[in-house]
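Order-wise, the sequence lines are chains A and B. When you line the first sequence up against my numbering, it's residues 186 to 544, in that order. When you line the second sequence up against my numbering, it's residues 15 to 320, in that order.
There could be a bad hint or two in this list.
What the hints assert, rightly or not - Label-pair restraints from in silico Cβ distances:
| hint | chain 1 | residue 1 | chain 2 | residue 2 | range |
| --- | --- | --- | --- | --- | --- |
| 1 | B | Glu-189 | A | Gly-381 | 23 to 31 Å |
| 2 | B | Pro-181 | A | Gly-381 | 22 to 30 Å |
| 3 | B | Gly-53 | A | Leu-466 | 29 to 37 Å |
| 4 | A | Asn-429 | B | Lys-130 | 47 to 55 Å |
| 5 | A | Ala-215 | B | Pro-181 | 48 to 56 Å |
| 6 | A | Leu-466 | B | Lys-197 | 51 to 59 Å |
| 7 | B | Lys-317 | A | Phe-410 | 54 to 62 Å |
| 8 | A | Leu-466 | B | Thr-73 | 42 to 50 Å |
| 9 | A | Ile-491 | B | Thr-135 | 56 to 64 Å |
| 10 | B | Asn-41 | A | Phe-410 | 49 to 57 Å |
| 11 | B | Arg-127 | A | Ile-491 | 55 to 63 Å |
| 12 | A | Gly-381 | B | Arg-185 | 21 to 29 Å |
| 13 | A | Ile-491 | B | Lys-148 | 44 to 52 Å |
| 14 | A | Ile-409 | B | Gly-119 | 27 to 35 Å |
What the hints assert, rightly or not - From chain A, some residues computed to sit far from chain B (all C-beta separations above 12 Å):
| hint | residue |
| --- | --- |
| 15 | Lys-318 |
| 16 | Ile-414 |
| 17 | Leu-454 |
Honestly, the hints are just simulated from the structure, not real lab data. Each residue gets a CB set at the ideal place from its N, CA and C atoms; glycine is no exception.
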Amino acid sequence: MKFWEIGKRNLKEIYRNPVLLGFLLGMPVAFMLVFIAAAGGGQASPIAMSVVDEDHSQTSSAFVQTLGSIEAIELNEPVYSEKSQAQKDLDEGKISFYLFIPSGFQAAQQAQQTINLELVYKAADPMIGLQVKPIIEAVGSEFLGVAPPLNVELKGTESEIKNPAVNFYFPGIAVYGLMILISTAAEIIAGDREKGFLSRLFTTPARPQDFILGYSLPFIPVLIFSTLIYLGVGMALGLTIVGNLGHAFLIFFLIGLCAIGIGMIVGSLVKSESQAGVSWLFIVPMAMISGAWFTVDRMPSALRSIAEALPFIHGIDASRAVLNGSSFSAIVLDIYWLVGWAVVLFAAGIALFRRTMVS
Amino acid sequence: MNAVQTFKLTKEFDGLVAVNGVNLEINKGELFSLLGPNGAGKTTTIRMLCCLLKPTRGTASILGHDVVRVPFAVKKLIGVSPQDTVLSERLNCWENLALIGKVHGLSSDEVARRSKELLETMGLMERAKDPVRKFSGGMKRRLSIAMALVSDPQVLFLDEPTLGLDPQARRNIWEHIAGLKGKKTILLTTHYMEEADYLSDRIGIIDEGKVVALGTSQELKTNLLEMRSMVVSTANLTAEVLKDLRAKYSRLEMAKGRLKIYHKDLDFKGIVDYLHSQGVTVYSAALEQPTLEDVFLQITGKKLRD
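Bound conformation, chain A alone (with noise of 0.2 Å):
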């Protein structure tokens, strides 16, 4: 049990160290608190939306006329004429969200019925429903003269959600927290290989395995630990839990392993005083194209391409759905692609820590 009492010393150094658990602890939820309160401010830049005209008529193009010149929206051209097409693209990523006015618009105009419109978006970006909805309930009001018997349907999963703008932040926040694992595990290794206190237990009688479990098992507790809290701040601020808490979970824990492996081959690499350099300049570039504080669906195809060749990107994607309702089996390939980032990470990770041993 030789390596349980190395283990044990790295953990007691990483739970005393204020500076460590501040930036894995105190920084996403600092980012949470940030972003939650800035998605209530209302938006800046206009909404790029898509129209599909299926009723054809002179009051739907007039209407669609009358949306693009709202200042807050800007339409993509050309309009659709049928929803199949629409829905294609937005499966395909091409476009964020889609208006429907169905045929007999005109029609239900003219007999004074309710107007039913859809406002169809991904799952995974509840946010754009919500800031487009009242704009296009105002403007279908002022534009038909009478008070509305407009009903703009909201279609998403996002029925049972809270708090939208939590359920939306929270995966990618929590993501980038248990990227910052990264530089926990490489701070510790490095620092312990450059000051020479590695060399001090080599000089004990231990095996080669104390040491790799040693220095690789005290870091899950911690990533369990900050799932926890994480989780803990985001429901606190409102986040609902539609689908398994228990899927949810085991997305963490592998992001979380990929930033253990990463952090060792860091550690493994580096010196202790550039390890904070070269992890943050992995994480704060991966955290960006993997989503975790923004939407990427815009994002350049090569961008893309790349955010999700790595593990990351399906973290988010992944927990985001779990979170807001999705099934086991639409995320199994993320999780599959997660449990073979994490192996090869792992593995990487013990056999440069194990080269640090020999010289």
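Once you have looked at the hints, place chain B on chain A.
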């Protein structure tokens, strides 16, 4: 069987020879010092003996166990206090000692008993529960030595145990090390000649990777030192007298009325008589005790702290 034995121990780093064919035989219970300037190869030698570095050539063994072939057996026998006092900074004394003790396979009871003994001996009991990052350099060094001792090793390696400490803390560490003499085999490295002089049974002078002299402090000073020196406090020295002395003796140094004369087989009485005969006032005259610094200077042509 020797406690530590090396044969033509050599380490090269990218063609640079750090340790060059070192032969050492350290007896059980002996305190042996490797004395030499920074970069002489002291730490590299210790790192090879502790199984942290593989020798490029040559062999080394601890109590008959080869450091390359059976490192695990060697590690069970040794305790190491590295040059950079590496401790787990956020742990307290007990926790640091327990970590090393348990990794050496000691039971919790043994660890507690040994730790208590060592903390008392090293005078750390009062601060034993404080995180060690708040400790002074001297306290850290004492804890580092205690950590090296917690497994009750047969052979102890102390790499520059007083480096960077103030004179009082250094004295204090010396007392602790002196207390271990005869109980443990100790290999100590230092570039402080006073330290080697005060503590060692035998000294190996190492320079540029080679052991250039070996023996007790007294042997080194008497056998190797060719020149003795004396200091004379004088007044009214004339240029003529100085010229005469310069011609007769190997080296002369003059500062603030103090004349220092170096020569092999220095004739103390003869010099004082000569000065008197020339009308020079001699306030005092004394033969200087030779130091290991002088020995080092003579063998290598440079000062220890160059």
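Evaluation of the provided hints:
For the pair Glu-189/B and Gly-381/A, the beta carbons lie near 26 Å from each other, so the given range of 23 to 31 Å is met. Between Pro-181/B and Gly-381/A the C-beta distance comes to about 25 Å, which sits within the given range of 22 to 30 Å. At about 35 Å, the CB distance of Gly-53/B to Leu-466/A agrees with the hint of 29 to 37 Å. Our hint of 47 to 55 Å for Asn-429/A and Lys-130/B holds, since their Cβ atoms are close to 52 Å apart.
Checking the proposed 48 to 56 Å range against Ala-215/A and Pro-181/B shows it holds: the Cβ atoms sit about 49 Å from each other. Taken as a hint, the range 51 to 59 Å holds for the pair Leu-466/A and Lys-197/B, whose Cβ atoms sit roughly 52 Å apart. Range check, Lys-317/B to Phe-410/A: Cβ separation about 56 Å, and the 54 to 62 Å hint holds. For the pair Leu-466/A and Thr-73/B, the supplied restraint of 42 to 50 Å holds, since their beta-carbon distance comes to about 45 Å.
A hinted range of 56 to 64 Å for the beta carbons of Ile-491/A and Thr-135/B is consistent with their spacing of about 60 Å. The beta-carbon spacing between Asn-41/B and Phe-410/A, approximately 53 Å, falls within the hinted interval of 49 to 57 Å. About 58 Å separates the C-beta atoms of Arg-127/B and Ile-491/A, a value consistent with the hinted range of 55 to 63 Å. Taking the beta carbon of each, Gly-381/A and Arg-185/B are about 26 Å apart, inside 21 to 29 Å as hinted.
Hint check: Ile-491/A to Lys-148/B, Cβ distance near 46 Å, so the stated range 44 to 52 Å holds. Separated by about 30 Å at the C-beta atoms, Ile-409/A and Gly-119/B satisfy the suggested range of 27 to 35 Å. Residue-level check passed: Lys-318/A sits 52 Å from the nearest beta carbon of chain B, beyond 12 Å. Interface exclusion of Ile-414/A from chain B stands, the closest Cβ pair being 21 Å apart, more than 12 Å.
The claim that Leu-454/A lies off the interface holds: its Cβ sits roughly 19 Å from the closest Cβ of chain B, which is beyond the 12 Å cut-off.
Hint violations for this structure: none, all hints satisfied.
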